Each structure stands twice: as C-alpha cells, then as structure tokens.
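Enquirer: Listed here are the chains, written in short residue letters.
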Amino acid sequence: MSQELIDAITEMREEDVVAITNQLLDEGVAPTDILMACKQAMDVIGKRFEEGDAFIPELILAGEMMTSVTDILKPRMAEESTSDKLGKIVIGTVQGDIHDIAKDIVAFMLDLNGFDVTDLGVDVPPEKFVETVQDTGATIVGLSGFLTLAFDPMKDTVAAFKAAGLDDVKIMIGGGQIDENIRQYTGANAYGRDAMAAVDLAKSWV
Amino acid sequence: MFVRPDNWNEMSPLERRSARLDAWQNAPVQFVNPEAEAAYKVRIERLRKIYDMEPHDRPIADPFMGASEYIVRRKGVQGTDLVYNHEKLREPLLEFHREFQPDVAVGVLPYPGRSWDLLDFKLYLWGGQKLPDNLVIQAVEGEYMMPDEYADFIADPTAFWLKQYLPRAYGALAPLAMLPDFPKISESVDTIDLLLPFGMPPFQEMLHKMMEAGNELMKTLGIVGQTGAMIAAEGFPAMGLNIVKTPFDYLGDTLRGTKGILMDMYRRPNELLAACEAYVPVLIKSIVGSCDRSGAPTAFYVLHKGADAFMSQAQFEKFYWPTWKQVMMALYEEGIISYLFIEGSYNKRLENLAQMPDKSLVCHFDQTDMGPVKEILSDKFIITGNVPASLMSAGTTDEVRAYCDNLVELFEDAPAYILAHGCYFENTTDDKLRAFMDAVKK
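Chains as they are written, first to last, in the numbering used here: chain G, 1 to 206; chain P, 207 to 648.
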C-alpha cells in the first residue's frame, strides 16, 4: 500500500495521494511510516530533477502534495524532534529582491532532506540574517537572488557575517544569474544552480 | 506609422518584411549635422544588412539589452529617476553616445511612475514608491485570474482583460467591472446599458483619474521621445522593437502567476491549452497593430517560462510552443520579425526554433550553449547575446574581452551576429563596456 502512495506521488496524481493517505491511516498504518513513504517518493523526484527528468512544476507540485499529506498527518503525530535534524539552515532572498519562488523550492527541498530550515522570506537585510543565525545557532546560510541587483546585497550579507565574527558559518548563494564569478565577488563559500545542488552542498557541510 | 503598399496582398512574407524594414530604415530624422547623418546611414545600413542576413563589413555590438541602466547610473542617475525623473536621463544618454559611439541607439524604458501612482498599479513595486531609491522596478507575483475563471477568459479574452484583470491590476480601475457586456448592445434601448456606468460617480471619478494619468504619461513619453530623437539626430539608429510575450507567458506572468500556471499544467491542462488557443488571434491582432502604429519591424518577445529549467521538453511542446509558433508564423506572414529575448537557457529548444522559416527570427540568448546555437540556428536566423551579466558585473576587463572575442570568433562565418549581453545588469565599468563594444571592431 505504501508503494501505491509512492507511485501516486512520483506520478503526480495529486488527488490519489490524499485518498491513499487517508486510506492508509484508516488501515492503521503509522503516520511515521506514511512519512517514510513520502520521503522515498521525494528521493525519486529529487533524483529525476538532478538527472533532468523532472522540472520546477514537478518540484512545486510535490511540495503541494507533501503539504497535503502533512496536514492530514499532523493531528495524529507528536511534535517532531529537532534533534533528529541534520543541521540548521537560515535562508532568505537578499535585500532589495522580492522574488520567492526559487527560494521556496530550495527551502522545501532542504527541509525534506532533514534540515531545520528558518525561512526569512524576501527583501531580507544583512543584519536580519546575522541576528537569526545568532538566535538559532544555524551553521549554514542560503542567500537567494533572482536579479542582478542581488549581487551587492549578497556581498554585503557575507561581509556582515565576517564583521560579526561568524567566520565558521557556511554561506551558499543561488539565483538566475549566479555563477562562479559572483561567488568570488560576494565571498560566499559556494553557489548552487538548483535546489538539489543546495541539498548536496548543505549535506557536505554538516 | 507603417502604411501598407497597395500591392500588399500580392507580396510574399519576405517582401512584406522588406517593406517594413524599408519604412523603418527610411523614417525621417532631423540630423544635427551632415557628419551625424553620414554616420547614421552607415550604422543603419549595417544593421539592415544584418536583419537581411546579407554580407556586411563587421558584426555590431548592442549595449541596449544589458547596459542601458549602467549607462545612466554611471552618471549618478538613481533607480527612482528611471520611474519619475525622465529628464535626468537625457544628458547621461547623450554623453554615452558621444563618448562610446555605439552601433545602435541605447534608450531607457519609459516607466511612467506618476501614472502608476495615480492608478494604484499593483503588478510592480518601484523605486521611490515601495522600493528604495536605488532600485527601478520588480514584479509582484500573484494570481490576477483565479483558477475557476478560465472559462470566462476562454469565452472572451478581451472582455476578461477589461472587466476582470484591469480592475485587479490597477486599484483605481476597479469601476471598469461596471461596464456592460458589449456584444449585447445592439438595439436602441441598449444605449442605457452602455451609458449607465458613465453616469455613476465612481466610474466618473475613475475616468478623471485615467485622464490625469494619461496626461502624465504624455509628459513622460514627450521627454523620452524627444531624447530618442536627439540620439537619432546625432547619428544613432534605434533597432525598432515592440515588447510582447507568448500566450503561455501572458497567462503565466500576468494572470495566473508562475506557481499557478505550472500547477495548471497538471490540475487543469485542457483549460490552460484552450486559454492559450483563445489568446492567439487576440495577440496576433494586437502585435500587428502595434508594429503598424510604431513602424517597428520587430516584435520583441521577453521569454520566461518556456526555459529549460521551467518545464520538460514534452511540456514545452504541449503547452508552450504550439500557440507561440502560431503567433510567430502569423507575424512572419505579416512581414514582422520575431526577436526572441531568451532568458535562462534554451539548450533543449533549439530544434523547435529551427522549425521557423529562414530570417523570421532574431535569437537573443542568455545562458544557452552557443556552440549548438551556431550549428543549428546561425544559417537561418540572426544570432545575438550570451555575454554574461555576472562577467560584466564581477569579471575583469581582460575576462570580458576574452569572452567577447571568443563569441565574435565563433560566429565569424555566420551570416548575422550581434554581440550583446545575456541579460540586464546594473553595475560594470566603462573599461569593461568599452572592451565589449570594441570586440566587434577588430
């Protein structure tokens, strides 16, 4: 039955996912086992994305399906322990840029892959990133920026971490025009082309 | 204004294309002196040969698509000035043309900030409004058409635009929803339906605001138009572009939003396809009309959601390409060149573009691999773009020079190549810009 759920997710059958989840619960399957099936399905989608067989629509729809499943399971589950997480990440779109779609996908994929993600939203000033890292104890920061005007705010944000003495925090950047030139320009530790690259980077840093 | 010759109906698409290009090339210009006139004629003749894909002395460099903001910012112009203070752009633009002698005119898009303020425009934020003064504009993603409104749109796109979209996109235009359904206004008594909104205070207030916003727009266009004429007068021809989108991008960028339309591919694919189809005749009529009015020979597509990362090739060929191709083919028949500003990458879409008739396209690439572009498209179409914004922003002058030299060399034996940037950027240096522009003059 769990395989049916996995198939429904990977085949993007959104309505079936909800029906099968409810059916599994009715049959007494533990919510944690259902979540495990979801995780397996998302691994398949993530791999397809990496290999160029799945694209942004599939990642967004998978996110919608995961939200639907989680909403159904939440009342039946104890509060998730943060101690099981791989690490803490603070993510946001840098100051002056209000784009959120790509950032949301990266945050979702990081969360799904076991990270405790604090999403600061869009148009986030450097000091807000720094304060949040200090408050949460996060060791990784993700800076998103769709527009070329994000280059300087990214640079400023990296500098703000250095100024605050947080040299050990690893910073990744990403966005439509981000490449190695901009990584060097901003002083970030790495850049990623897409959400799976962000997951791989984060995993290599914990 | 383009006036069709008497024998228009007997002309082939390429003959119509030539007629439009002739009109653009021969549009009257009041030159400042004979030297400027001579320089203009050399430049526009070279550009014409590129448009015609005929032999010419050298490629050209077009800084407009990437550097237009930098060109004014380097003289202290702020983002907010591009929205509110268009007169401040004139001297920096003229200075740039005198100093750099570009192959084509560089202008700045006339964002009408005061008109936007008056109409409570919702689709963007801008410098001096909710964004800081150093920024220009940013789109606000949203659903301006709800999922259950596809049927309304498909039945009558123009009515949807007028009565449902505009009241949401512009707060001050909410009373447009009061307009009647025009197809039913036919008999004497229907005059009542037609005029009723115009007699009501909220609608009248809206009309007054629209007139005020229109007056502000005319001031903006007056300043920008005069600046454009001054640039032409000093010897620099404009490329002649009308900004448009594909049916899918009009629906995705403006009506349903990115997330909305990408989910619609799964949740309501038939309605999405029908909406794209419904758009085709409306869009063709609109683009041909604007090219006729402006005299511009090209429709400039800002391309978004068909890029490699946004959808699979199968999704592209099902949802994006067919209706877009219909529009481009209709424009080709009308003699209008489709200029494709391809944001992101189109590595998987080159064979689709290759289906279009020879000379029907200018293909402007951002991050697409240019080797396959050369191989698959360069004998058929005019090729341009690909100098990275990141390189212009953060690279060295030597790196810019080397990148541009490589591109020029790659397309050395192609019929028509224009050196240009892949996308817009705010910051670079004069040296890097000069290295970019000199690469075509070696």
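It should be emphasised that the hints constitute simulated quantities derived from the structure, not laboratory data.
These numbers were taken from a predicted model, which means no experiment stands behind them.
One thing to keep in mind: the hints can contain errors.
Capping the alpha-carbon separation at 30 Å, the derived lysine-lysine pairs in DSSO-like fashion look like this [unchecked claim]:
no. : chain 1 : residue 1 : chain 2 : residue 2
1   : G       : K155      : P       : K255
2   : G       : K47       : P       : K524
3   : G       : K128      : P       : K336
4   : P       : K554      : G       : K47
5   : P       : K328      : G       : K128
6   : G       : K155      : P       : K281
7   : P       : K281      : P       : K648
Enquirer: A separate judgement is required for each hint: does it hold in the structure or not?
Expert: To see whether the hints hold, each was checked on the structure:
Only pairs whose Cα atoms come within 30 Å are accepted, and K155 (chain G) paired with K255 (chain P) is rejected, the gap being roughly 43 Å. With a CA separation close to 24 Å, the supplied pair K47 (chain G) and K524 (chain P) stays within the 30 Å bound. Taking the CA atoms of K128 (chain G) and K336 (chain P), the gap is about 19 Å. The hint holds against a cut of 30 Å. Restraint check for K554 (chain P) and K47 (chain G): satisfied, since their Cα atoms lie roughly 19 Å apart, inside the 30 Å limit.
Taking the CA atoms of K328 (chain P) and K128 (chain G), the gap is about 27 Å. The hint holds against a cut of 30 Å. With a CA separation close to 23 Å, the supplied pair K155 (chain G) and K281 (chain P) stays within the 30 Å bound. The suggested pairing of K281 (chain P) with K648 (chain P) holds, with an alpha-carbon distance near 28 Å, which does not exceed 30 Å.
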